[in-house]
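Top line first, the protein sequences correspond to chains A and B. For the first sequence, the numbering used here gives the first residue as -16, with consecutive numbering after it. For the second sequence, the numbering used here gives the first residue as 82, with consecutive numbering after it.
Since the hints were made in silico from the structure, they are not lab data. Keep in mind the model is a prediction, meaning the values are calculated, not measured. Do not rely on the hints blindly, as some may be mistaken.
To be verified - Over 10 Å on every C-beta distance to chain B, these chain A residues come out as not near it, computed from the model: (1) Ile(-4); (2) Asn5; (3) Gly42; (4) Ala64; (5) Asp66.
Stated by the list, open to error - Chain A stretches covered by chain B per the calculated footprint, using a threshold of three residues with CB under 8 Å from any CB of chain B: (6) 27 to 35; (7) 75 to 88.
Glycine is no exception: its CB is placed at the ideal position from the N, C-alpha and C atoms.
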Amino acid sequence: SQQGEEDPQALSIQEGENATMNCSYKTSINNLQWYRQNSGRGLVHLILIRSNEREKHSGRLRVTLDTSKKSSSLLITASRAADTASYFCATDAGQAGTALIFGKGTTLSVSS
Amino acid sequence: DTAVSQTPKYLVTQMGNDKSIKCEQNLGHDTMYWYKQDSKKFLKIMFSYNNKELIINETVPNRFSPKSPDKAHLNLHINSLELGDSAVYFCASSPGTFGANYGYTFGSGTRLTVV
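Next comes chain A alone, as it looks inside the complex (with noise of 0.2 Å):
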């Protein structure tokens, strides 16, 4: 069953501004994940944040989690053409026998 939903659906920037997208899911969880997927291509792994931790950066991406609200924002800073993809939430409920359950994934393209 679907656990993420990304909010929104669908963003269009400009360069060198900020693309926020947010991720709410239903259940307790392990650890949220954040994915990237160009078209075409396969996902690539962003970042891992786990359920005690409620901040954490890598580079110009910046990810909370707030499990009192059960929700997640994904923060790309300086937004780049090249950040044009879609971006996918993904969440583990930390039992043995799980997989990760994603989103429905934000669209964003990023126009210079």
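Based on these hints, arrange chain B on the given structure of chain A.
Frame of chain A, contents of chain B only:
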């Protein structure tokens, strides 16, 4: 070096045929997965193997049969293909036994089109 490689990249076949997709990872990971991505980009887990042992078998028609000859390979065989099987199939791998405690490494996908 390609970490997770899938073959073929594209597969066009007629209804009723049987086809296989192969996946290999050279990362030394213990767990491998098959995901299906539909036309709306929704990703759904199909199967997962840990060290050749099936650990996840989601509600998937039994026309789909995974096989893992060793922990570096996970193949997907599909019998009696139907139009609804058209999708992109992704193979992925991760370290560890509890598969989702780490980031996954995905292959580039196999676009299956059933005509």
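Here is what the structure says about each hint:
1. Under the 10 Å C-beta cut-off, the non-interface status given to Ile(-4)/A relative to chain B holds; the minimum distance is some 20 Å.
2. With a least beta-carbon separation of about 17 Å from chain B, Asn5/A lies farther than 10 Å from that chain, consistent with its non-interface assignment.
3. Every CB of chain B is more than 10 Å from the CB of Gly42/A (nearest about 15 Å), matching its label as outside the interface.
4. Once the 10 Å rule is applied to beta carbons, Ala64/A is consistent with being away from chain B; the minimum gap is 21 Å.
5. The claim that Asp66/A is not at the interface with chain B holds, since no C-beta of that chain comes within 10 Å of its own (minimum 17 Å).
6. Check on the stretch 27 to 35 of chain A: 3 of its residues sit with their Cβ under 8 Å from a Cβ of chain B, so the three-residue criterion for coverage holds.
7. Counting residues of the stretch 75 to 88 of chain A whose beta carbon lies closer than 8 Å to any beta carbon of chain B gives 13, which reaches the threshold of three, so the coverage claim holds.
The structure shown violates none of the earlier numbered hints.
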